[in-house]
Structure formats: structure tokens, C-alpha cells
Amino acid sequence: MSVLVYAESSEGKFKKVALEATSYGKKVAEQLGTNLVVLTINVDDTSALNAYGTEKIISVQNDALQNLNSKIVADIINQVAKKENSEVIIIDSSTNGISLAPMVAVYLNAGYASNVMAAPSNTNPFTVKRKAFSSKAFNHTEIKTQVKVIGLAKNSFGLVVNETNATTEKFSPSLLESSIAVASIDKTVGKVTISDADIVVSGGRGLKGPENWGMVEELAEVLGAATACSKPVSDLGWRPHSEHVGQTGKPVSSNLYIALGISGAIQHLAGVNSSKVKVVVNTDAEAPFFKAADYGVVGDAFEVVPKLIEKLKKFKSSNA
Amino acid sequence: MKILVCISHVPDTTSKINFIEGDTKFDSNGVQFVINPYDEFALTRAMWFKEKQGATVTVINVGNAVTEPTLRKALAIGADDAIRVNAEATDGFFVAKQLAEVVKNGDYDIILAGKESIDYNGGMVPSMLAAILDYNFVNACVGLDVEDNSATIQREIDGGKKTLTANLPLIIGGQKGLVEEKDLRIPNMRGIMMARKKPLTVVEAVDFEATTVSASFEKPVQKGACKMVDADNLDELISLLHNEAKVI
Numbered sequence: 001m002s003v004l005v006y007a008e009s010s011e012g013k014f015k016k017v018a019l020e021a022t023s024y025g026k027k028v029a030e031q032l033g034t035n036l037v038v039l040t041i042n043v044d045d046t047s048a049l050n051a052y053g054t055e056k057i058i059s060v061q062n063d064a065l066q067n068l069n070s071k072i073v074a075d076i077i078n079q080v081a082k083k084e085n086s087e088v089i090i091i092d093s094s095t096n097g098i099s100l101a102p103m104v105a106v107y108l109n110a111g112y113a114s115n116v117m118a119a120p121s122n123t124n125p126f127t128v129k130r131k132a133f134s135s136k137a138f139n140h141t142e143i144k145t146q147v148k149v150i151g152l153a154k155n156s157f158g159l160v161v162n163e164t165n166a167t168t169e170k171f172s173p174s175l176l177e178s179s180i181a182v183a184s185i186d187k188t189v190g191k192v193t194i195s196d197a198d199i200v201v202s203g204g205r206g207l208k209g210p211e212n213w214g215m216v217e218e219l220a221e222v223l224g225a226a227t228a229c230s231k232p233v234s235d236l237g238w239r240p241h242s243e244h245v246g247q248t249g250k251p252v253s254s255n256l257y258i259a260l261g262i263s264g265a266i267q268h269l270a271g272v273n274s275s276k277v278k279v280v281v282n283t284d285a286e287a288p289f290f291k292a293a294d295y296g297v298v299g300d301a302f303e304v305v306p307k308l309i310e311k312l313k314k315f316k317s318s319n320a
Numbered sequence: 001m002k003i004l005v006c007i008s009h010v011p012d013t014t015s016k017i018n019f020i021e022g023d024t025k026f027d028s029n030g031v032q033f034v035i036n037p038y039d040e041f042a043l044t045r046a047m048w049f050k051e052k053q054g055a056t057v058t059v060i061n062v063g064n065a066v067t068e069p070t071l072r073k074a075l076a077i078g079a080d081d082a083i084r085v086n087a088e089a090t091d092g093f094f095v096a097k098q099l100a101e102v103v104k105n106g107d108y109d110i111i112l113a114g115k116e117s118i119d120y121n122g123g124m125v126p127s128m129l130a131a132i133l134d135y136n137f138v139n140a141c142v143g144l145d146v147e148d149n150s151a152t153i154q155r156e157i158d159g160g161k162k163t164l165t166a167n168l169p170l171i172i173g174g175q176k177g178l179v180e181e182k183d184l185r186i187p188n189m190r191g192i193m194m195a196r197k198k199p200l201t202v203v204e205a206v207d208f209e210a211t212t213v214s215a216s217f218e219k220p221v222q223k224g225a226c227k228m229v230d231a232d233n234l235d236e237l238i239s240l241l242h243n244e245a246k247v248i
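Chains as they are written, first to last, in the numbering used here: chain L, 1 to 320; chain B, 1 to 248.
Because the hints were derived from the structure by calculation, they are not lab data. A quick note: this is a predicted structure, and the numbers were derived from the prediction, not measured. Accuracy of the hints is not assured; some may be wrong.
[As the list claims (entries may be wrong)] Straight-line Cα separation of at most 27 Å, DSS-like style, residue types lysine-lysine; simulated pairs:
1. L:Lys208 with B:Lys182
2. L:Lys27 with B:Lys246
3. L:Lys311 with B:Lys182
4. B:Lys227 with B:Lys246
[To be verified] Residues on chain B that point at chain L, a partial pick, calculated with CB under 7 Å:
5. Ile17
6. Gly22
7. Thr24
8. Pro37
9. Met124
10. Lys162
11. Glu181
12. Thr211
13. Glu218
14. Lys219
15. Gln222
16. Val229
17. Ile238
The beta-carbon is built from N, C-alpha and C at its ideal position, and this holds for glycine as well.
All chains, please: the whole structure from these sequences, using the hints.
Below, the structure is given as C-alpha cells:
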């Protein structure tokens, strides 16, 4: 028996969500009294996994897996899960993870719970707490099958240091055929993405026009944050759709979410509910966002943000 | 071209979320149900294929009779016919199994679904359907064009976009970008009248043992009041974020 984590990587480096999934996997392995096995694909230096409780690393190296196709990766996880006799398989909630976890569940004929936010409250029946209704409620789900697949919600369990000396085993899986071809990839490099960011700085219609986003970007840069926007801003074409956070846009589950000139429509809040700390800057003291926020500043973003940038720069240099 | 659009029947975003029977059941009393917004993007794209490329569009839902008004709304928007699989949608795996049965017998070229529903946000059904049927599958789809037997698909990835090509049949998990918000349609009176006469077929569910069971629900702890900081005292904000919230 074992617990298996698929540790997703990008350009040979583990994503933070992969290390979080590993931390979570260690906890579940302890609860079940078994070992933690971590599967990696095309990562040369897997040493980062040693800090989070990994006992065994299954390392797959194959140039054909450069463009991770969900079906092929899901089948590799399936092969490893069978080989390692895994009872619980844990997959993170990155864009790829969300696509492939349900496939793994079908291949293993396993019950699948997504958006899981805490360690199992019970291992028999196996019960996990999940986010539901855009984080307006939680659901306790029992997984009834022998093999279980868990989709771990981002930034929910956190990183738990647990030094180990993992053994590494190379594995050459058989690869399924796929007739989906990649024609091109258009990816911004060197910019923090909303899904990976610990901090997100977001602007709304209160910022009056796309020409005013310089200060949003500067604030984001000082904080090492990603930039985002409200729905009207992306609908007006001020910012790309990929920055729209909210109900039909991207969900944000960062540690800190800073909303500038966003009133806080219910659809927007549905997308940012999962962020741990929310700061709102708005001229209107009656804006609904203040009810959902942790810290609020009633003021004009055009005055507050430049001052905040200066003060944060000083803070950062004295705390460096 | 035959298109199947999977429609989830979900509480409107503005609904109050409450539970009954000892927090084991969702309280649907007074709740307005709508077409899942992600599915609505998929349906709207299907309408484009119907009007520009002569596709026929079938909508499907797994649910009991209370979901029929949601299917009728999809018909009023312009779908040609509807199928309801008569069973309570207990979990994603169950729903995917039911859909797979219909797809196997239906000869569809494209199966469109939203990438997730806004109630359980599970995001399970399109991927599971693809795995059960071994069909080509693209999730997080923000653009879809079809020519003859081949599709060109834009898929959102973390930090960018991928352009893919695939042969039909194809399963899509869609989101905004498939069409824009302004393209969404509100059914008009003529559409609503016509929808009443369009076929809505009810099929019985196939047996499939539940793999997961919802045990209970819980609401988040009411959060404390927002701490207000004076706009002239931003040092205090930084101090709170550093010392109290510990996020910077």
C-alpha cells in the first residue's frame, strides 16, 4: 500500500502546488500508516521533495512528454498507482491537474473528490472537506471506493517541512497514443501568473481607463504579485480576459488579494472568496467589498496607491 | 455536424446558500435555478455552429423533472432538441457514466460542456466522459473552430495559451472566450413559444454504484468586521499586513 502524489513541474522545476500536494500526501500517509511515493516527470533535480516527507520518488524522463497531454499523463499516473499499489492518489489544482485527475479516477475506477481543503477527518469512511458553492459553503464527502483520488485545492493545506531521504527509482511507462497536436504555445515568461501568485493586485472600473494600470503593475512588482482585474474591465477591453477574476473568470486563492477601485459585486466575490486576506481601496465607503474584506481604506486609489508603493519600497528595503 | 451540449442546472450566483435536514441537503426553497454560466458559453458557441455551419444542437441534463425548465430555456435559446436522463445527479462520476451511454448511441461530432459547474465546482464531468469514451478532449477551452473533420482549439494554460488541432469526435470543457459575455442570448418570446413544441426525450439512467457520497455541509465561520485604515496612515496598513496578517 502507498499514497501517491503527482508533483507537477514546469521547465524542470516543481510548482509550489506540487510541494503543497507532497506535504498533504505525507499527512495522509501518516494517517493510513503507509509510505509516500511521489511521481515526477522530466525533473532532473528532485531534491526539493526531500523537505516535505517524500519516501520514494518515481522519476520519469521522456522527451515525448514535453507538452503534457492530460490523457497521457493520467495514464502514467494510473500505471504508477497500480505498480505502487496506491490507495490514495493526490493531484494538485493547477490547470493541468484539474484536467487529468478525473481521468485518473476513471482509469482506476476510483471515487474522486476535488477542491479538497483539509486532511481527511476520518479514514474509515474516508471523509474529506471540500469547497463548494464558490467557497460559500463546504461539503464533507465520503469516498466509498478502495482506491481514492483527491484534487487538492490551492493554498489550502500549506507547506509542511518534514525532512526525509527519499530513494529514487527510474520508471519508463508505456505511452498512450493521442491524436491531439500542439500547433503553438503562447506563454508569457518572467511574469507571475494569477494561479501561482501568493499576492494578487487587482483593478476595477474605478481606475477609469487602461492608461492608469501603470501604478497597478508597479504595486504588483514591489510585492512580487500578479495583476488581475474585475469583469467590467476585461469586458471593456482595458485588460486581457486572462486577468479577469471572479465567477466566470479565474478563481483566486492567494494569501493576499488587494482590490483597487472594485466595488465587490457578488460574482466578483465568488471568485476571490478563497483568498486568505483581502484589502480593499475604494472611494465609496458603502461599497459591498468592505463587508467581505479584512482591511479597508476609504480613499482615491490615484492618491493611495502611489503613496503605498513608496512606503512598501521603504518597508521592503528595511526588511530585506 | 451533430453537437451535444451538457447543461447543468445550478443555483443562480446571487442565491442564498442554506442547508436543511441537519445540514445534509441543499435548501432549494426560493432559489432561482439557471443554466450553469460555463455551459451557457458552450451553448452559445454551439448556436454559432448551428447558424454558420448548419450544425444540429442537442442539449442534455442528468437530473430529475425539476431540471426541465432549465432545458426548456436552452431550447428557447435555440437548441433543436433535449434529452433528460432521469436520475438525481449524485456525483460527477455518475453523471459522466450516464452521459457516456447517450454519447455512445448518439453519433455526436462535438460534445461541449462548461469546464465546471458553479455549485460543486467539481470540474469532473468533461474529463471523466473523455476518459470513459477515450475521445479527444481539451479542457479550459477559450476558442473553437471546426472545418470538415478537424478542429482548431485554443486552450488556456497557466500563464498563456496553447493552440491545438484534433480530429472529431471531440469533447470540450469550455469557459469564457469560447464566446464573449456580450454574445450570450436572452430567449425572446418567439424562442420561448417554439421551445414548448421542441422534443424533450426522457431516458432512464443506467445502474452505477456511487463512488462518493455527500455526508454533510458546513458554512464558513462569519468573518470579523473589516478593519478600516485611514488613507493618510498607510504605515498602519503595512504594519497590519506584516505583523497581524503575516502576508507581506
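message = Check whether the Cα positions of Lys311 (chain L) and Lys182 (chain B) lie no farther apart than 27 Å.
response = Judged against 27 Å, a Cα distance of about 41 Å means the pair is violated.
Per-residue hint verdict: Ile238 (chain B), partner chain L, C-beta under 7 Å = holds (5 Å)
inquiry  = Min Cβ distance, Ile17 (chain B) to chain L: is it shorter than 7 Å?
reply    = holds (5 Å)
ask   = Holds or violated: is the Cβ of Gln222 (chain B) closer than 7 Å to a Cβ in chain L?
value = Cβ of Gln222 (chain B) sits 11 Å from chain L, so the hint is violated.
query = Under the criterion of a CB-CB separation shorter than 7 Å, is Gly22 (chain B) in contact with chain L as hinted?
reply = Where the cut-off is 7 Å and the nearest Cβ of chain L is about 12 Å from Gly22 (chain B), the hint is violated.
query = Does the CB of Lys162 (chain B) sit less than 7 Å away from some CB of chain L?
reply = holds (5 Å)
inquiry  = Given a cut of 7 Å on the nearest C-beta pair, is the interface hint for Glu181 (chain B) held or broken against chain L?
reply    = OK, holds: Glu181 (chain B) within 7 Å of chain L, min 6 Å.
request  = With a cut-off of 7 Å on the beta carbons, see whether Thr24 (chain B) makes it to chain L.
outcome  = With Cβ-Cβ at 10 Å, over 7 Å, it is violated.
ask   = With a cut-off of 7 Å, does the beta carbon of Pro37 (chain B) approach a beta carbon of chain L closely enough for the hint to hold?
value = holds (5 Å)
ask   = When you check the alpha-carbon spacing of Lys208 (chain L) and Lys182 (chain B), does it fall within 27 Å?
value = holds (21 Å)
key: Agreement of hint Glu218 (chain B) with chain L interface, Cβ distance less than 7 Å   = This interface hint holds because 5 Å falls under the 7 Å limit.
request  = Given the hint that Lys227 (chain B) pairs with Lys246 (chain B), test it: the Cα-Cα distance must not exceed 27 Å.
outcome  = Since the Cα atoms of Lys227 (chain B) and Lys246 (chain B) sit roughly 15 Å apart, the hinted pair holds (cutoff 27 Å).
Checked against the numbered hints given earlier, the structure breaks hints 3, 6, 7 and 15 and satisfies all the rest.
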